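**Q** So you can see what is in the structure, the chains are spelled out below.
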Amino acid sequence: MAEYLRRLPSSDVGFARRRSLWSVIRIDPWLLLGLILLVGVGLGVLNSAVDGSAAAIRRQSAYLGLGFLVMFVAAQIPIYRYSRLAPWFYLLGMIALSLVLVIGVGAKGAQRWLSLGGFRFQPSEIMKLAVPLTVAWYLAKRTLPPSPKYVAAAVVLMAMPAVLIFLQPDLGTAILVAVSGFFVLFLAGLSWRYIASALALILVSIWPMWHFVMKEYQRQRVLTLLDPESDRLGAGWNIIQSKTAIGSGGWDGKGYMQGTQTLLDFLPESHTDFIIAVLAEEHGLQGVMGLLCLYGFIVARGFWISYSATTTYGRLVGASITLTFFVYIFVNMGMVAGILPVVGVPLPLVSAGGTSIVTLLAGFGILMAVSQDKSPVN
Amino acid sequence: MADRNVLKDPGREARLFSDRLIVATVICFALASLLFIRYYYLQIEAYATYATQADQNRLQTQPLPPRRGLIRDSNGLLIAANEPSFLLSIVVERTGGLDDVLNDIGKIIELSDEDLEAFQKRRPSTRPYAPVPLKFRISEEERARLAVNSYRLPGVVIEAQLQRQYPLNTLFAHAVGYVGRINERELQSLPERLYEGTFHIGKTGIEKFYEDALLGSVGVQTVETDARGRIMRVVDKAPPVPGSDLDLYLDSDLQLAAANALEGSRGALVALDTQTGGVLALYSSPSFDPNAFVNGISFADYAALRDSKDVPLFNRALQGQYPPGSTVKPAIALAGLHLGLVTPETTVPDPGWYKIPGDDRRYRDWVLRIRGTGHAPRVDMHMAIAESCDVYFYDLAREMTVDRMHDFLSPFYLGQKTGIDTTNERTGVLPSTEWKRQNRGAAWYPGETLSVGIGQGYMLATPLQLALMTSIIANRGHAFLPRLVERINGELQEGERVELEAINDSYWDSVVKGMEAVVHERSGTAFAMSRGLSYRVAGKTGTAQVIGIAQDEEYNEDEIAERHRNHGLFIAFAPADKPTIALAVIVENGGGSSAAVPVAKAVLEAWMAKQSRADEAVTRNG
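So the protein sequences, as listed, match chains A and B. The numbering used here applies: residue 54 is where the first sequence begins, and numbers increase by one. The numbering used here applies: residue 5 is where the second sequence begins, and numbers increase by one.
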């Protein structure tokens, strides 16, 4: 038998044997390649944004190291275990979110952090993963497409943390958390009728939202987006400067570490939320296209993994994580380019920042776990 | 529950998921395309716009204001200098809350309401990101206190700049004028580029007339700044060209002599160099301190100057239009000779008054009140000038008629501007029948001709015009028009000549002899002046009526209020045979020429003393 197999090296069985190396460590090589390339590019751009500050690069590298570690660990857990753990994870997150409102710490009038023995973390970040995992756990047990009752229950599951996060207040994260849950619903086959009604509801609720729910600074962000020139030196400054940085990059950019907008401090938040402007200024549209391709590759791989998954739970979790990842990219690049309001969304795996990197890579760890979700039956 | 009865169908669920994944993929692709289009638009379509904007962000063009030209007197003494001072400005866009910053500054140094008001007025006319001046001339101590607090005063800039200063204070206020801050109206009309970084402009006098030369041209530097406005490096620099220095004919020694002599009275003196037309002295009393105007005079101070009964801001030397009185007699005598109406020997009977044939009105001579009779039974030209006989000139004027008088005196620049190189010169009035028809809409009366014959009536002249007339007589028919500035940046400025039509030398002799008699003959009206003179002076006194005296009414100096007393005038040139200086003096309400003569003497003495010192030096060195 062994002899026979050796004579058919290109057969499916032989291929399976070669892949087994990655299977042993439960890692998807293409996804890992994409992430490593992305992280490498990201560190390079960040190095320019912080003007070669070694301390900033060290800190980012440490977070990335921690993130990859979390990813490897997360990848080792079989996907069905996530299904069991999800509700507890969710419950823990809800408690933490409630605590944040009571004893949280924060800045600029928002309470977002929980301090645990000197270690500060943002419970809302946990929810970015907990919500899709939990909604998927809930729906995967049902017959799909979900009936109205289960849809309603799923909506409640994603709405509760969203409301708590909104109260902090952090509208951007609240929407992203809700959206990550919605993706699961959508992928689970939510009726188009509901989707259409939801969209209609959103449109109708814009007016009361604007007047009764949104805070002044949130309204300001939207107004500034619509007309940045109205407040050139206040809220409009960021957008005008980031558009200037991007536009002045042209096709081939001003060269690495040569972006004047960045170096002369005109570009605000250049190492965090607005880092895409640094890339665009220094490497031009070429650089932007390169980064988009890299992201596109990762997203495509994520979709492929989800498509190849054998369990409904694996599919739903994998695809929703991938979709959420894409939404981060779109929202960040869109806001910096002035087509979306400025919400605090970092550019995934490129912007400096601890929690978001660890959360994102933990998500990719789960995606890796999904990639191992193959039964020989398939 | 319905769905519990439905068995899960893995194949159906997988197909459903695949469909949704395809939809999701399409949506992702569409959104990614949207991003691409947006970045393509920003980076390719709108590249030029944003590239320019980035450069404008990075590169700031800063004006380098030029140094204003200096003004020196003929001794090389600085009349208008530039002293370094500190200027507190605010870049409003960088304060992040203007009111807070202004409040904080107010706690650190004193800010007057006027400073703040002026600041707010200046704001709208300033480019974005350009500093708006808040307070000029802050002291060294204030600067230090601001510097210590600079960390909490964003957008506050302290710059060293040169500022106009007039070291001689009141002495040259009317002669040189002053600069002041550029006001809003001026800002509208100024060529903006030239005045970038310059906050002052000539407002009056030489400072205004020679503004273009004094200003220089602005330099420019391109600097790279960061978002906080800190200069990272200078990319490009074109230094400013300093303004041209002006050397004046004005002599502070003469000026000081005039100022001292006019101290406490209202009046003016203009002295001209007969060889060049250069204005040696030009003083109007009372004067004021031009330094007060440089940074905007306070309203109260200005009101005090404006409302003073002595009108110190009024430049009597150029703007004051006075009846020249008898000072015009030498020129009229010359006209009589030249027109053949009289000879030096012609005599006129003088009972102390004059009557036009067919008119009962008596035109009185000034001596009638004193002596009860005329100067002499018959008066000739020499006596008429020396003793200032009115009757002689009544008769001459009547024969001459006003229009011939006008035509002869016109080339002396009476009734027209001399074109001196400063501001605010007035024209005076040289009347004629045509003039009266146009300005008064009435016909000329023969009696009015008599008034003009003794420099009264409609006739008005500025002290400058009288000085020029004197200079023309001194040079016997020619002169240079008065000029204040001798050299611009060391380059001699050519003067403009006046030339009368040829007049017989003997006529000049007669008139000048008469004028010498005014000073040097016992009967001369300015004989008092001759005491101690080591040179001969030719002069002519004058008295100008301030209020009309009715026929046969007595003019009693003591009884008339000070402001209604007659103006005293005096013109003179010296030395009489080889004149180097010609001058005119007026003392308002001086009562008579006796108030003006000492002023002239003081200036002549100062001048002649200098001349002899210069001669000695030449002799020694030669």
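No lab work stands behind these hints, which were simulated from the structure alone. Hints are supplied without guarantee of correctness; some may be wrong.
Have a look at the derived ranges for each label pair, beta carbon to beta carbon [stated by the list, open to error]:
{"id": "1", "chain 1": "B", "residue 1": "Tyr44", "chain 2": "A", "residue 2": "Ile156", "range": "42 to 50 Å"}
{"id": "2", "chain 1": "A", "residue 1": "Ser250", "chain 2": "B", "residue 2": "Lys12", "range": "23 to 31 Å"}
{"id": "3", "chain 1": "B", "residue 1": "Lys12", "chain 2": "A", "residue 2": "Ser76", "range": "23 to 31 Å"}
{"id": "4", "chain 1": "A", "residue 1": "Lys268", "chain 2": "B", "residue 2": "Glu190", "range": "35 to 43 Å"}
{"id": "5", "chain 1": "A", "residue 1": "Leu74", "chain 2": "B", "residue 2": "Gly100", "range": "29 to 37 Å"}
{"id": "6", "chain 1": "A", "residue 1": "Phe265", "chain 2": "B", "residue 2": "Leu38", "range": "47 to 55 Å"}
{"id": "7", "chain 1": "B", "residue 1": "Tyr45", "chain 2": "A", "residue 2": "Ile248", "range": "53 to 61 Å"}
{"id": "8", "chain 1": "B", "residue 1": "Glu118", "chain 2": "A", "residue 2": "Ser114", "range": "23 to 31 Å"}
{"id": "9", "chain 1": "B", "residue 1": "Val245", "chain 2": "A", "residue 2": "Met342", "range": "47 to 55 Å"}
{"id": "10", "chain 1": "B", "residue 1": "Lys12", "chain 2": "A", "residue 2": "Leu254", "range": "27 to 35 Å"}
{"id": "11", "chain 1": "B", "residue 1": "Ile235", "chain 2": "A", "residue 2": "Ala249", "range": "29 to 37 Å"}
{"id": "12", "chain 1": "B", "residue 1": "Leu63", "chain 2": "A", "residue 2": "Ile156", "range": "44 to 52 Å"}
These figures come from a predicted structure and were not determined experimentally. By construction, the Cβ of each residue, glycine as well, lies at the ideal position given by its N, Cα and C atoms.
**Q** Which of the numbered hints are not met once you compare them with the structure shown?
**A** 4, 5, 6, 7, 8, 11
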